[in-house]
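Knowing the structure of chain E, use the given hints to seat chain G on it.
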Amino acid sequence: MVSSSSVTRLIHRAQHGDAEAADELYAELYSELQKLARWRLRARSRLTLLDTGSLVHESFIRFAAAPDARFESRVHFLRWAAQVMRSVIVDFARRRSADRRGGGLPRLSMDDVAAATSGGEEILGVHEALERLATVDARLGQVVELRYFAGMSEPEIAQSLGVTERTVRRDWQKARLLLKEALA
Amino acid sequence: MSQLDESREAWASLSALLDEGLDLPRGDRTRWIDSLPPQHDAIRPRLRRLLAGVDSAGTDAFLRTLPKVDFTNGVSGHPDDAAPPDPESIAPYRVIRLLGTGGMGAVWLAHRTDVMVTVQSR
Chain E
1 MVSSSSVTRL IHRAQHGDAE AADELYAELY SELQKLARWR LRARSRLTLL
51 DTGSLVHESF IRFAAAPDAR FESRVHFLRW AAQVMRSVIV DFARRRSADR
101 RGGGLPRLSM DDVAAATSGG EEILGVHEAL ERLATVDARL GQVVELRYFA
151 GMSEPEIAQS LGVTERTVRR DWQKARLLLK EALA
Chain G
1 MSQLDESREA WASLSALLDE GLDLPRGDRT RWIDSLPPQH DAIRPRLRRL
51 LAGVDSAGTD AFLRTLPKVD FTNGVSGHPD DAAPPDPESI APYRVIRLLG
101 TGGMGAVWLA HRTDVMVTVQ SR
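Going down the list, the sequences are from chains E and G.
Counting along the first sequence from 1, when you hit position 154 you're at 154 in our numbering, and nothing is skipped either side.
Counting along the second sequence from 1, when you hit position 41 you're at 41 in our numbering, and nothing is skipped either side.
No false leads were mixed into what you were given.
Quick list of simulated restraints, FRET-style, between CB atoms:
1) E/R74 x G/S35: 42 to 52 Å
2) G/G53 x E/G17: 29 to 39 Å
3) G/P37 x E/R139: 25 to 35 Å
4) G/R44 x E/E20: 46 to 56 Å
5) E/S54 x G/W32: 41 to 51 Å
6) E/D18 x G/H40: 35 to 45 Å
7) G/W32 x E/G125: 28 to 38 Å
8) G/D19 x E/L49: 25 to 35 Å
9) G/R8 x E/W39: 39 to 49 Å
10) G/P37 x E/A43: 55 to 65 Å
11) G/D41 x E/D18: 46 to 56 Å
12) G/P37 x E/H12: 44 to 54 Å
13) E/S54 x G/H40: 42 to 52 Å
Everything labelled a hint here was simulated from the structure, so no lab data went into it.
Everything numeric in this text was worked out from a predicted model, so none of it was measured.
Cβ coordinates follow ideal geometry from the N, Cα and C atoms, glycine included.
Excised from the complex, chain E in its bound form (with noise of 0.2 Å):
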């Protein structure tokens, strides 16, 4: 794991447009988020938003706990472990549906009934829909990334992209209609 510090400078950088700090945040943010959710999944062998929201700040905190810590864009810090959070859960979507593919006929065990879930393929339209909505508005698509997929608050949110509360309410509903007609 890098010190708190260096991921601070990777935040800026990446920010100003280095692709290859991007590259590495990214990398360094999904190798974390995927252990925690991991370790999470353990226990409980389902992610729920609760789940993500806490992983995110997790994250955060095991980040800005390093020793040389110096943390003062934590907004900037959840806008990226949300989008690398979201990866790591389609990521888990995707294998389970390829675990899937494999498989015969259904049988009736316990095992098969777990693997009959569709949440997975939820989660996979959710997310190509996603990458459509955000050519068209990229902020709604990070509305809904920092909500459904990385579980923030509203508060959270809005802080997180600097508008406020009422223009992220805003937001999410046009989002939802707009991926409800997607989806449909």
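Okay, now just chain G, sitting in the frame of chain E:
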């Protein structure tokens, strides 16, 4: 009709209309859509559809939470660590909710997905 593939300009216009429509009381929206100037004729049906999907009661579960999905295969944890997950479907049945548990197991209300009847499944 377009879904998430409109130009930024088209979206900016639709977004402004949605803002305006969402600011109105639900009952006034239809009249407002009907009274929009002719330049919005093309978008009118979609606007009507989109606004019909508004969940003003806050009861719509769409995207409210991550769906239930079991990721156990994605981790190498001991199986005993995990509680048995709630099924979402059992063979052709889509599980609606848990009705109760007893000595013989759990009883779920389920919806058969290939024929349209609701049955109890255990």
